[in-house]
Structures are given as C-alpha cells and as structure tokens.
Amino acid sequence: MAEEAFETVVATHHAEIHRYLVRVTRRPGDADDLSQETFIRAFRAHASLTPGSNVRAWLFAIATNLCRNYWRSESRRRRAHEAAGETAAHHEEAGGEETMVMEQAGEEIGRIVAALPLRQRLAFTLRKVHELEYESIGRSLDCSPDTARAHVFQALRKIRRGLDAHAAMRTESTR
Amino acid sequence: MTTMSRECREIEPDLIAVATAEAPAAAARRVERHVESCASCRSELARYQTVDGLVTAYRDTRAPEADPTLARAQLESRLADLRSRVMRYGVFDSPLGPIAIGVSEHGVSMVEYVRQAERTGGRLARRTGEEAVEDPRRTEGLYRELADYLDGRRTRLDWPLDLRRTRSDFQRRVLEATAHLPYGAVTSYAGIARQIGAPRATRAVAQALRHNPLPIVVPCHRVIGSRGDLTGYAGTRIGLKRDLLAVEGIHTVAGRGDYHVDRRAVYYKYLDGGEYCLPTCGGILEKPLGEFTVFGSRARAEAVGLQPCSDCRPDLHPLPA
Numbered sequence: 001m002a003e004e005a006f007e008t009v010v011a012t013h014h015a016e017i018h019r020y021l022v023r024v025t026r027r028p029g030d031a032d033d034l035s036q037e038t039f040i041r042a043f044r045a046h047a048s049l050t051p052g053s054n055v056r057a058w059l060f061a062i063a064t065n066l067c068r069n070y071w072r073s074e075s076r077r078r079r080a081h082e083a084a085g086e087t088a089a090h091h092e093e094a095g096g097e098e099t100m101v102m103e104q105a106g107e108e109i110g111r112i113v114a115a116l117p118l119r120q121r122l123a124f125t126l127r128k129v130h131e132l133e134y135e136s137i138g139r140s141l142d143c144s145p146d147t148a149r150a151h152v153f154q155a156l157r158k159i160r161r162g163l164d165a166h167a168a169m170r171t172e173s174t175r
Numbered sequence: 001m002t003t004m005s006r007e008c009r010e011i012e013p014d015l016i017a018v019a020t021a022e023a024p025a026a027a028a029r030r031v032e033r034h035v036e037s038c039a040s041c042r043s044e045l046a047r048y049q050t051v052d053g054l055v056t057a058y059r060d061t062r063a064p065e066a067d068p069t070l071a072r073a074q075l076e077s078r079l080a081d082l083r084s085r086v087m088r089y090g091v092f093d094s095p096l097g098p099i100a101i102g103v104s105e106h107g108v109s110m111v112e113y114v115r116q117a118e119r120t121g122g123r124l125a126r127r128t129g130e131e132a133v134e135d136p137r138r139t140e141g142l143y144r145e146l147a148d149y150l151d152g153r154r155t156r157l158d159w160p161l162d163l164r165r166t167r168s169d170f171q172r173r174v175l176e177a178t179a180h181l182p183y184g185a186v187t188s189y190a191g192i193a194r195q196i197g198a199p200r201a202t203r204a205v206a207q208a209l210r211h212n213p214l215p216i217v218v219p220c221h222r223v224i225g226s227r228g229d230l231t232g233y234a235g236t237r238i239g240l241k242r243d244l245l246a247v248e249g250i251h252t253v254a255g256r257g258d259y260h261v262d263r264r265a266v267y268y269k270y271l272d273g274g275e276y277c278l279p280t281c282g283g284i285l286e287k288p289l290g291e292f293t294v295f296g297s298r299a300r301a302e303a304v305g306l307q308p309c310s311d312c313r314p315d316l317h318p319l320p321a
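If you read the protein sequences in the order shown, they are chains A and B. Residues in the first sequence are numbered consecutively from 1, following this note's numbering. Residues in the second sequence are numbered consecutively from 1, following this note's numbering.
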C-alpha cells in the first residue's frame, strides 16, 4: 500500500524533478542519473515521511542535496562550463534573423545562470522556475528563508548585469 | 549625493522584490515613495521589471533535451528490483519480549525475537542481503493479530508467507509441513521427517527448524523431541516454547534444564488417521512420538475434524483436565 502511494509520487513529480536537474546540471545524462537517485532515496525514506508533508518540496530538497554533492567534484563543474560554452556557440551559428528577442534573452539567462555559484543557481532555479517557497528552498539548502531569498536576489542582480552587457555587445556589433 | 546613494543602496533589495512581485506592502510603499523622487532608481525598477519578464520567458523555454522518458523507465525498473528486495519491518513489545515483524511484497518474510536495545535494520540488511526499512505502520496490523494470538484470542495467523529466505528446498518442505501442524497439537522432529518422506532425516529437520525465519507463524514450537522433551527454541530460550505451548493448551512438566510433554496426558492421532485416541489405546505409549500428532485437549482434536476412537472412546473416558 505504501508502494502504490509511491507510484503516484513518481508519476506526479518525476518529470518536473528531471527538468530541474537538467537545468541545474546542464547535462541530460547526469540529470537522468540524479533524478533516478532522487527517487530511489525518496522510496527508501518514504515510509518515515510524516503524513501530510509537502512531498514536492521534499523531493526538491533531496534532488538539491544530490546536486550539491555532485557539484563538489571540480571536474564536473568544468565540464558543465564547457557544455554551457558549446550551447552558446551552437546557438550563434543557428541564430537566424527570425530568432525572437525573448528567446535569445532566455538563452542568455541560461548561460548566466550556468555560471552562477552553485547555491545561487539552485536557489534561483527553485524559486523562479519551480516557484518553491523560500521556506522550502531554505530547507533544501540548509539556510534560512532570508538567506535563500538573498541568493535569489543576488542571482537576479547578476542576470541583470549580464543582460545589460549582452545588450551593449549586440548594439556594438549591429552598429 | 553620498547620502542619497546610501538610501538607494538600502532600498535596492526592496526594489528587486517589488519588480518580481515579492515585496510586502510596507516595502512596496517605501519603494513607491523613493522612486518618485529618484530617477535612477525609477529606471532601475523598470530594468528589473524587464528582467523579471525575461526570467519568465526563460522559465517557459524547455530545458535542453529534457526528455525524462528514458530516466523514468530506468527508474521504474530499479524500483521494481528494489521493491522485490525491500523488507518493511517494525519492532513491537510483545508479552514474549520485543518481536520484529517484516513483510516483503510477497508476504511476511521475518518474525524474530530481538534483544531489548537492538536496532535491527542494519544487521538484518547485512545478514539477508535484503533492504530492511523500518516501517512500523506497515506491520502494526500484523502485530495486533499476533498479540491476540499470544493472548489466546486467536488460533490462526492466516498470513501470506514469503519463504524466499529459506536455505534449501529441504528446509522449505520442513517449514511447509510444520505450518500445517494444527493449533494445540505437537509432533516430534521424526514426525515431520516422516511427513515429508525423509524418515531418516530427523537431525536435518531439527536443523532446518533451528533456522526458521518465521517462528510462531510457522509453528516450530509445536515440534518437540522424541521423548516429549522440548529440546530447544530460539537459541536457549526454551521458556518461550513452553509459554507458546501453554497458550495453546499443551501443558509441560519441568525437568532438568528442560520441559517435557507428559505423554500420558495428551490425545493421539496416527499421522494418517482420522480419529484421536487415549494414551492407553493399543500400546501407543510404547510407540515413538514421531508416529503421531498429539493434542492437549479433545476440543483441539475435534476442532480439526477428528472423531473419537471407537475402541478407547476418549469421549466417554476423557483424560483428567
């Protein structure tokens, strides 16, 4: 009976957790592994979860924890940066006239987010993409809700600066 | 100029909060008042509002190659494997001391007497290669039935059993034969050996029952020595065997370091028979216990459909209670 309930947990949340992990790792293969690990851990701990808990926030906390362990390996960090570079190069080639400004800005944000320090990147993604409460984000990152908020704002400042620089560069090149 | 820039610096977080629609009312009013008189913060606010809009666009773009289908399929197969190996257990304070009950997806896979302070999980997982997960909620219903059984309010535990932990096909046959011993009845190790068609394997039967993964449910306490002595139980805890038999109405007599069933105080059924007899019937007391299943009372014998023997008439001359 606990097993059946867990099937529902997988069906409801797997796709979103996977999306989150693709975004923060930028490596779909690693996101596959990490999403599996998230749910395997959740399965083991599911029985001890207090009834009525926020399962979604709990899963994000497990996934975030795994990300932080994952990112402790320096080589992975480097690979992710390279992946970010590749995506950027790829899009410059493919970028036609019809590419919309919004879409380009979205991609630029993706690059800026990939270069953020880990906690800022995780906090930003949890808040702005998956719309979790600061309370839950704080629990995921072992910090207070205020600190979680400060991470998100710091990320927004950097995005803003990055977009400004990007816009300036584009104005230069079209001139 | 300096004072103003400090004010601007201080209000900046609120500015971001307003731009991203996260500001509480008081902060929003503060920002509103400030930007009325500060052109640079006004344009900052507008810039952050644009950023917020672009972040929304970013959120709505699909994550690169975010197809979760393969990951989901791999997850399902790992979960299926895990489920088949997971045992969920709880430890309960029974009248016989702490008892752990574990269930797998196939049925009850473990009943174990544990020591008072023992944390079973890690040790169980190591010993069996299973994943032991403490989950008392999953097993507390079973424990309630077991508690009723130990109180004598219930005579059957009709639990689905998971016998995958048995060590061999031989052990499985021993356990299955033992599981068929009726409530309130005993036989000897030799009796079980005969029933499974291996009459010379008495010692092997005793060995198989020594490693019974499901004591009480597979009632190895109903299997005793050929001379009626209880022989052994749960290591050295022979007193538990005596208590379990007493609950079922089989009384034992204390001897040197052991207890035994008084062969003159029970009713006898030949292994293949359909009747129950007095101990005085047809030289029964000279025959080995392994030829019989014995009952503590007429009621228990009749509960499994036995008729009183037409020669010795236990219904007319019952044993003294």
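No lab work stands behind these hints, which were simulated from the structure alone. Hints should not be assumed to be uniformly reliable.
Partial list, derived from the structure: chain A residues whose beta carbon lies under 10 angstroms from chain B [to be verified]: (1) Glu7; (2) His18; (3) Asp32; (4) Ile40; (5) Leu66; (6) Tyr70; (7) Ala105; (8) Lys128; (9) Arg157.
Ideal Cβ positions, reconstructed from N, Cα and C, are used throughout, including at glycine.
*Have a go at the A:Leu66 hint: is there a Cβ in chain B nearer than 10 angstroms to its own Cβ?*
Hint on A:Leu66: violated, closest Cβ of chain B at ~13 angstroms, above 10 angstroms.
*Would the stated hint for A:Ala105 survive a check requiring a Cβ distance to chain B of less than 10 angstroms?*
With a minimum Cβ separation of about 4 angstroms from chain B (threshold 10 angstroms), the hint on A:Ala105 holds.
_Can you verify the interface hint for A:Arg157: is its Cβ closer than 10 angstroms to any Cβ in chain B?_
Hint on A:Arg157: holds, closest Cβ of chain B at ~7 angstroms, below 10 angstroms.
_Interface hint outcome for A:Lys128 [beta carbon to chain B under 10 angstroms]_ = Check passed: Cβ of A:Lys128 comes within 5 angstroms of chain B, closer than 10 angstroms.
_Next item in the hint list is A:Ile40. Is there a CB on chain B closer than 10 angstroms to its CB?_
holds, 6 angstroms
_A:Tyr70 as chain B interface residue, shortest Cβ-Cβ below 10 angstroms_ = violated, 15 angstroms
*asked:* Restraint: A:Asp32 near chain B, CB-CB cut 10 angstroms. Satisfied or not?
replied: holds, 4 angstroms
*Hint status (Cβ of A:His18 to nearest Cβ of chain B, threshold 10 angstroms)*: Given a least distance of 4 angstroms, the restraint on A:His18 holds.
*Does the nearest C-beta of chain B fall within a distance shorter than 10 angstroms of the C-beta of A:Glu7?*
holds, 8 angstroms
Of the hints listed earlier, those the structure fails to meet are numbers 5, 6, in rising order.
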